[in-house]
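2 protein chains.
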Amino acid sequence: MIIPSAFWLVPIASVVALSMAFYFFRTMMAADEGTPRMREIAGYVRSGAMSYLKQQYKVVTIVFVVLAILFAFMAYGLQWQNPWVPFAFITGGFFSGLAGFFGMKTATYASARTANAARKSLDGGLKIAFRSGAVMGLTVVGLGLLDIAIWFLILSNFYEGDRMALITITTTMLTFGMGASTQALFARVGGGIYTKAADVGADIVGKVEADIPEDDPRNPATIADNVGDNVGDVAGMGADLYESYCGSILSTAALGATAFAMSGDMQMKAVIAPMLIAAVGVFLSIFGIYLVRTKEGATMRDLLRSLAVGTNISAVLIAVATFAILYFLGIDNWLGLSFSVISGLAAGVIIGQATEYYTSHSYKPTQKISEAGLTGSATVIIKGIGTGMISTCIPVVTIGVAIMLSYLCANGFDMEMSAEALSHGLYGIGIAAVGMLSTLGITLATDAYGPIADNAGGNAEMSELGEEVRHRTDALDALGNTTAATGKGFAIGSAALTALALLASYIEEIKIAMERTGMTLTNLKGEVIAAADATIPDFMNYFQVNLMNPRVLVGAFIGAMAAFLFCGLTMEAVGRAAQKMVEEVRRQFREIKGILEGKATPDYGSCVAISTRAAQHEMIFPSLLAIAIPIIVGLVLGVAGVLGLLVGGLAGGFTLAVFMANAGGAWDNAKKMVEEGNFGGKGSFAHKATIVGDTVGDPFKDTSGPSLNILIKLMSMVSIVMAGLTVAFS
Amino acid sequence: MIIPSAFWLVPIASVVALSMAFYFFRTMMAADEGTPRMREIAGYVRSGAMSYLKQQYKVVTIVFVVLAILFAFMAYGLQWQNPWVPFAFITGGFFSGLAGFFGMKTATYASARTANAARKSLDGGLKIAFRSGAVMGLTVVGLGLLDIAIWFLILSNFYEGDRMALITITTTMLTFGMGASTQALFARVGGGIYTKAADVGADIVGKVEADIPEDDPRNPATIADNVGDNVGDVAGMGADLYESYCGSILSTAALGATAFAMSGDMQMKAVIAPMLIAAVGVFLSIFGIYLVRTKEGATMRDLLRSLAVGTNISAVLIAVATFAILYFLGIDNWLGLSFSVISGLAAGVIIGQATEYYTSHSYKPTQKISEAGLTGSATVIIKGIGTGMISTCIPVVTIGVAIMLSYLCANGFDMEMSAEALSHGLYGIGIAAVGMLSTLGITLATDAYGPIADNAGGNAEMSELGEEVRHRTDALDALGNTTAATGKGFAIGSAALTALALLASYIEEIKIAMERTGMTLTNLKGEVIAAADATIPDFMNYFQVNLMNPRVLVGAFIGAMAAFLFCGLTMEAVGRAAQKMVEEVRRQFREIKGILEGKATPDYGSCVAISTRAAQHEMIFPSLLAIAIPIIVGLVLGVAGVLGLLVGGLAGGFTLAVFMANAGGAWDNAKKMVEEGNFGGKGSFAHKATIVGDTVGDPFKDTSGPSLNILIKLMSMVSIVMAGLTVAFS
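Same order as they appear, the protein sequences are chains V and P. Quick note on numbering: the first sequence equals residues 18 to 747 in the numbering used here. Quick note on numbering: the second sequence equals residues 18 to 747 in the numbering used here.
Hints in this document: simulated from the structure, not taken from any laboratory. Just so you know, these numbers come straight off a predicted model, no measurement behind them. Mixed in with the good hints, there may be bad ones.
Given that identical chains are not distinguished, each listed pair holds provided it fits within a single copy or across any two copies.
Restricting the straight-line Cα-Cα distance to at most 30 Å, the calculated cross-link-like pairs of lysine-lysine (DSS-like) are [stated by the list, open to error]:
1. K597 / K381
2. K597 / K385
3. K542 / K610
4. K699 / K689
5. K71 / K705
6. K597 / K689
7. K699 / K597
8. K705 / K616
9. K705 / K610
Kindly produce the complete structure, drawing on both the sequences and the hints.
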């Protein structure tokens, strides 16, 4: 197969991204790590995080080996799958894990260095923290594009000629998306349970009962809490966004292969278009990262502007660049597709702004939650849940509008919804998601730098560097929260659009599985045709994927329930682990005399062990459930049931995810608002009440909520990979 | 049109139910209301409740007048609707309101009488409370069947002959379902906000801050709290279940008219079958009510057995009776349809048992929430939310199995899903829902008697009747909670099945609207046919109601979001009102000297006024939103969007409703478990923590959760009534 020369931009972008990441890493490592005490603390956190990650990867490796053997059996034994599947699955998982690992390695080296730099100036701290975040951002996109480029080059040597070649290549590559999703889910769930068990436990006994500040070295759970920030917020986030990034590119490529199957060389162009947009996004991200410069003695306002300039200019440039990329690529309807990307980007910005509105204490909703602290923790919880639920409205409506617009722009506003209009429109939805994630290099940098600043604060507190340093790291953290809103908007929005694109890929994969086993189907006119020739309406009618089919309806019920069940299991896991942590911390305060007076050192290790054991133990069941549900539904309810499941899971899960993330964020900031001196300030009745809110919000926003985005896509990925099984049995 | 003589059973059952209700009411009124203090307290509560209800009906009347004028314009001005719609809509609302009104009237007269009877013996209290609950149960079913019978007789005089006559009659009657739903939503939301604002406010200041027991006369919010139990739990529940009962019968009748349209006199039989099952259910309910007998000096165990015997025997008998009814009616596949009813009843029992398992402190989940109280309110909340989310699994899977079984039993296990199999199967789903609600006369009696016992307890406390009387009323309340589980299972399960049946009615209504305006559609073979001749698959293909149509997907997103938004708005409303209540109670404690020493009387009236104003003010927006969303989606996204909306709302809303109801129930009982002396007992750290859980759970289980069941059905009803608008504009 002839690969167009433009494609080579993809591996080049990958190498550039990885080189820049390495360069930033070296620069960061060259900085001074500070006092011996700072190095010691950072060492504890680093070794705790690494030992956890090793444990985690052991468990995940077992799961991967089992699944890979299963896929190998399906591919070689039963011929239900294509022979590449087991390998693609493993590399996806491996690279996703690697992205998390590198991110965490960087973060644990960067925290003491950031704290040390913050001893001198605010902008010095920002520079180290942000560049370290950029290591993560660029590693994720670099590894992602590397994996995509390698597999595309390998597979294009094995499939030749006809229109099925690219369809087979792209759907095979989706399997590596399943590897990435599986890894990401384990990372998010395991890391999320780890970090929140430690955080909740530390807060309950430390802040509420013993009245000592956050990250105080007298708190036995404080090292576990700081380790948690790294394994949850950094490693988990890295694996998660690696999955989102690759998932959006791969599913769009697969949609392109189908939509343009009949259009000659247009098919190849449609397949590589999302990769090219992502590749150009890498260069624009690096450009944006360099725009984040700070002058000596910069104020908060300067820093904020500098960060905003970096991310916003990258986003605007990718919008402009998309027109050029698609024009020079010479794809049909390049103008319409470019507007699809614009509608995706606009949706991301709006969702980001809405998130900001509902979770920042500069606005009414969160202020009202703080105020509810005056009447106690119960009203704080009620208000927070109410706010979180209401906050689902704008993102859902925005995504709805973006779906319709990117669909219609891509098919020339064809409202008739012919088979062709449908597949072109779906490609438009996919490419909108790619646009949103194309500047991930920089948006992830602003996101990942938050936990680094947070950890730097922890290091400063434990090393007793004094109020001012802590103030600076807190300011850096707050800064990150503000600029990260847009990045979060893009991540949430693209997850929904990608999941939609995966629905279409599922249909394609079912057709391929039918083709492989020589099954035919009946089209709308009642003629028997080859599965590959079926249009989407033919397919939908043949499998009765309509909304009055009870299988579809039951599937939709189960999909919505799966999201709740998954959140419930992870919430319970955090609750259980946190209770153990509370008991252990109380035990230490009781039995080790002198801890609270600072005369005795607490046993940090036992708290780290509790979090590690809990995370390892508790992450397995929910994660396996996410893999099992689509398989069981496929066997019992067939294709119609699976599509119902995916739609129910997407609609219910997306809304639930937004609710949980925003409620958690709002509680966090409501507490911060009180701590800034409002409604009685630190130590007041309202403060205690808002701490309860923040504690409840921790697993909402850092365990259950973010895992849902992966769950939604993993269920689609599993369905796609297991299509052969579904076809054989139902 | 010739009405079969069997139909007359329906008005007879209605008259018998209403007569028995009147008889039980008279018996209750003949009992002694106790000491002057008891009468005085009861008088306060009664007048507070009545004055609230008057206010509420005023607001609702305005909404009804506006909507009725709109419908009249649509029917007479634009000919988009059938001329009966405005009248049917109004009677549905009127009867639903009446059911709530009678229930509340009875409850407010019964509470002091129950307390007085409980001064002598436990079984005396049970008798009065349960018979008063039965007044409500029988009034609801009696008024429901009356309205159905009258409208069926009227309309059958106006439509003659062809197969469209019964389809038109039954879909017209569904409009009165919309009236009932609208009234029910206002009653549940308004009543729910009222009662929980008072309850939460009273608990926060009374129990947590001032350390005085529940219902203590020193608490200024205590009268408002007791009024709230009546307007929320009694009047709200009455209107709600009236709507469920009529909705299930009417939607099944409509499905029967369509499914058997081509089967001659079978069509009429299919239409009256659900009415007959309901009518026989009335007699069995009365039989069951008489089985609930208590001997002098009965123990708790005796009473429990007696209540369980009454409800279970009624349920078993209706299962048996269904075979006889359908056999003698001579309907096709009577055996299969009877098994559909059995699968519905079995699902109701399983959901009830699962509810019991997750919310009773006899089982682990709730016990663990109590235990979490040892580590504070944050872990109580986390555990409760986790438990509630996990508890959605069994009900959803059970409903899924019931849907598949009742569908397959009704169409002779036709897996091919031809057009005929589909419509017969859907009729089976509807009739399963009717089976579940047919013994509502007694299940509602066991449900409604809970708030009556609760209020009797309040009266006993405020009249200072002593510990023993309060213990007895608490025992009665607890007893009610246990036996009410099955009733709740039936209510939840039937709501899901009815909502499914309404989806099919929506399709029918769209076809009628197209027919009215002379529009045609293209069937699967590509032929242009009359709308009335279109099968479900034709319809689905023509309107592209498949899961890859972006309009369907966007609709599903909005449906799931609507459920969250609605809950968020009602939660916030309770939070806001509760905060005002807390401030008012604190103000009284501060400003009126001597309240806490029992030397001064608090100003109960100002608390009643706060709840009333809040409920009136806050119920309007969420309720109107529920009406507006399906209309807007219909105009913007057309038929495909509306069906997506309804399915997304059903799957997301049902799961959310189960989550909220169970989390709330579990928190309530976790607190009770601590109060029984576990984990430190009353006044302990764990007690305070579980009170926070209970307080958060109050709006979960009594405001937002129960309103969702109505919301789901109301959105369908609105879509059905507005079908003409959707057809005209999209």
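Structure versus earlier hints - violations, ascending order:
3, 5
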